[in-house]
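A.B. asks: Sequence:
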Amino acid sequence: MTARLDFTSEAFFRDPPKAIAALRMSGPLVATRFPLVGNVWITTTHDATAQVLKDGATFTLRKEDGDVASLRWWMPSFVRTIANNMLTMDEPDHTRLRSIVDEAFRRRAIVAMEPRIRAIADGLADELFAEGRPADLVQRYARILPLAVISELLGLPLADRPKFIAWGNAMSSLTNVVSFFRLLWAFRKMRAYLEQQLQAARVQGGEGLIAELVQVEREGAQITPDEMVSMVFLLLAAGSETTTHLISGSAYELLRNPGLRDWLEQDWSRAGLAVEEFLRFVSPVQFSKPRYVRRDVEVEGVRLRKGDRVMVMLAAANMDPAMHDRPESLDLERKPNRHLSFRTGIHFCLGHQLARIEAACALEALFVRWPKLGLAVDPSQIHWRKRPGIRMIAKLPVTAAVHGTFTAAAPAMADRSPVRAE
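Count the sequence shown with our numbering and you get residues 642 to 1063, in order.
Check each hint, because a few of them may be wrong.
The calculated DSS-like cross-link candidates involving lysine-lysine, where the alpha carbons are at most 25 Å apart (straight line), are [said to hold, decoys possible]:
id : residue 1 : residue 2
1  : K930      : K947
2  : K659      : K1027
3  : K1036     : K1013
4  : K930      : K695
5  : K695      : K947
6  : K695      : K1036
7  : K1013     : K930
8  : K830      : K804
9  : K1036     : K804
10 : K659      : K976
11 : K659      : K804
12 : K947      : K704
13 : K1036     : K704
14 : K1036     : K659
15 : K930      : K659
Derived by calculation from the structure, the hints in this document are not laboratory data. Being a predicted model, the structure only gives us computed values, none of them experimental.
Please model the entire structure based on the sequences and the hints provided.
C.D. replies: Right, dumping it as structure tokens:
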């Protein structure tokens, strides 16, 4: 059965549980057409998603000729170079590159960065309304925090932060083929910039993850210059973009659900538990990259043929009622929480620790600094960018005024839990 669902529509992003439940009725895997990708199967259940992610021999990110499964024939060679990173690698190349960055990360203790991340979040929260009210929480806070953290982690100059913000905005605007070609200038500038930073680290040394990667390279790691550029590009982009939308999406849910916010503000040690549920419910990364089916195989009773392509729908796995009780509800006390937002298998997210710490620090700093923070518009006026595969709020206007703020009206239920929103 071929599904006809617009994965970039306002209706889809505003109420993913409803759209996903309807899609799942067509089966655990559904044939559809995805923007920029083309014809592809998508998974709609937790088990189907996990099977595809874990079976790296059957479902590969590269075709038999070595081309990346997600790339189309019309995409420029420059894009192919950028795409040549560990997220698009199968074994043994994935382990080769992953071990290099793992070694660099080990030399940079992520957990030890929490006080610094909290300090950055506190500073940005203080400056939220420096340019007036209302403020766009996406641009003034959620985008800047992850970029500040990853650029500091990489050892990039603070003065270059405006460049990263401009590039991040350009990547967020990707919605179709036309915007893809508009994005190419940003990719070119990013590549040239990162090549310069890598060369400077090779000559002068320095502090940060780029210097650590260069040192691992110098110690004999098997990595080409293009792979090094692609790796730093991946760390900068993936280390900021998805966390931006986790923070803004989580803040939005708290702003429109006062009961959830009150519960969290009573004890901020609960933030880690809440972040796990935001990862599940907000699901900023909705889909994985396309995978190539290497042999005829059956997944949850659906027969796939060699040469087919399949994308796992992480958001659907996170909303599977077979795995989560009342998955359509945002329950900040949910235990256990078996979300797949960081995927599973060999491509389990390298930056999962960093994203969790950033989200928890961001929410606490924001609401402690501005206890009367509220939406400056009705929730119906909040919109999502038409970017396929990622759920991202376009703008999130907020104000700290006592009056004139908005929350979502929740239906009255005598047994409603303060930590659950319908």
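A.B. asks: If a hint holds in the structure, say so; if it doesn't, say that too.
C.D. replies: Here is how each hint holds up against the structure:
1. K930 <-> K947: With Cα atoms ~18 Å apart, K930 and K947 stay inside 25 Å; holds.
2. K659 <-> K1027: It holds: about 18 Å lies between the C-alpha atoms, which stays within 25 Å.
3. K1036 <-> K1013: 19 Å, holds
4. K930 <-> K695: 14 Å, holds
5. K695 <-> K947: 18 Å, holds
6. K695 <-> K1036: Violated, at roughly 36 Å.
7. K1013 <-> K930: At roughly 40 Å apart (the allowed maximum being 25 Å), K930 and K1013 break the hint.
8. K830 <-> K804: Distance ~9 Å between K830 and K804 Cα, so the pair holds.
9. K1036 <-> K804: 20 Å, holds
10. K659 <-> K976: 23 Å, holds
11. K659 <-> K804: Not OK: K659 and K804 at ~38 Å, beyond 25 Å, violated.
12. K947 <-> K704: The hint holds at about 11 Å.
13. K1036 <-> K704: At roughly 38 Å apart (the allowed maximum being 25 Å), K704 and K1036 break the hint.
14. K1036 <-> K659: 23 Å, holds
15. K930 <-> K659: 23 Å, holds
In this structure, the earlier hints numbered 6, 7, 11, 13 are contradicted, and the remaining ones agree with it.
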